[in-house]
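Colleague: Here is how the chains run, residue by residue.
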Amino acid sequence: MAGYNPSTDSKWKCWQPIECVGTFETSLAGIFLPQSTSAPLQVSVTGAKTPNGGLVAGSELWSVARLSAGKFTVTLAPQWGAGAGAGGLGAATTSKIKSIRVGLQMNSRTNLKLTISNVNTAAGTFEIDCVNPNTGIYTDIAANSNNSISFEIRTSQGGPSNVQNN
Amino acid sequence: MASSRFFPSKLQSLVKYAKAIDFQIAPNGASTPTLGSREGVASVSRTSAGLFQVTLQDQYRALVAVNGPTLAFSSAPAQTAPGYTWTDATDTDSLTFTATAAGAALVAGGATLKVAVLTGVGEAVAVTSVGGVVTVNITLNTGTSTPTTVQTLVNTTSPTGLLTVTAKSGTTAFTVFLAATALTGGATDALTAQYGAIDVVTNKTINVQVLNANTGAAADIAQASGNLINCGLIVQAQ
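Just so you know, the protein sequences line up as chains P and H, in that order. Number 69 in the working numbering belongs to position 69 of the first sequence; there are no gaps in the numbering. Number 150 in the working numbering belongs to position 150 of the second sequence; there are no gaps in the numbering.
No lab work stands behind these hints, which were simulated from the structure alone. Each residue gets a CB set at the ideal place from its N, CA and C atoms; glycine is no exception. Possibly wrong hints are sitting among the right ones.
[Unchecked claim] Quick partial rundown of chain P residues pointing at chain H, CB under 7 Å, derived from the structure:
no., residue
1, P17
2, G22
3, E60
4, L67
5, I100
6, R101
7, L104
8, M106
9, K113
10, D129
11, G136
12, N147
13, S150
14, R154
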């Protein structure tokens, strides 16, 4: 096969399915760049694809907004899954959330800590909070391409039902 | 191992027989915790303050990766500085505090800045301004040739030396944060979580610990709807 290098070409590597323990699992992950006091920028967006690979306008499966200093609200799009509520998690599906996790990437060493709060399954929203434990102050993160916040939500219900998941 | 516990997903890995396990621990203060999402998990117990041990239902061949743990709260807790604060409201740019005795209050400009009780001799606190907020680094010179630098605050006892604090800033007002005494891990102090020992091969156990982000002291989390520790593992099946 022309150009085939099994040690470097990941598409020829033997990708194995990851099974989940328990019930069928849906995962949604995203990354955004805080912009200090300005609106954060989405980096990783999942949604419906156009024939040329671009995203269909308005089909993004999540969005993020700066709520206040150091606090961000992530909103899951309705098309993310079945069930009532804007984000498709449904008011009665709290128990279907298997885990929500966040991670912080910083260009330089920091002591900032991330937690989440205000998980609202009916609205399909949750909050990511960034605090400086030295000061006890919820703190904005400066704009930098290497300053990012990532999240992943895993549920046993939902998932993109009418969009192509990339 | 009960194969009926495993369900397909679209996730892929270069590791064969990879399994994703996600679960949530619901802390209950000093009492027995419960599990939120618990698939693949047999039980959870509280070993000591802030330390939880989760036991999986099955043994696995190897641990591939861990994610989190991420703390979740019902609402964003009001955070407090881990000690006393002093604000340079008059923008004097340069402030010097000197204690006349170890552990005594530092006084400057009519304000009182209480400091942590240190153990070394010739301790010094260097304060630099970062974006209008001051970061405190404490260096303990214990009499050896190589001083030990302690990030932020200390919580020791039995003072033996004097303490000098020098604060320098730019042209804007700033705030100094210092601990007054031993930090105790108050309910509103910033908490963080990390994994401890993980043994998915033999004992099927995963240790998760909650810490005060400043002191490193173990900290319990009160029971409340929405107060959860979110955990995730990728393991390799036998």
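Colleague: Going back to the hint list, which numbers does this structure go against?
Modeller: 3, 4, 7, 8, 12 and 13
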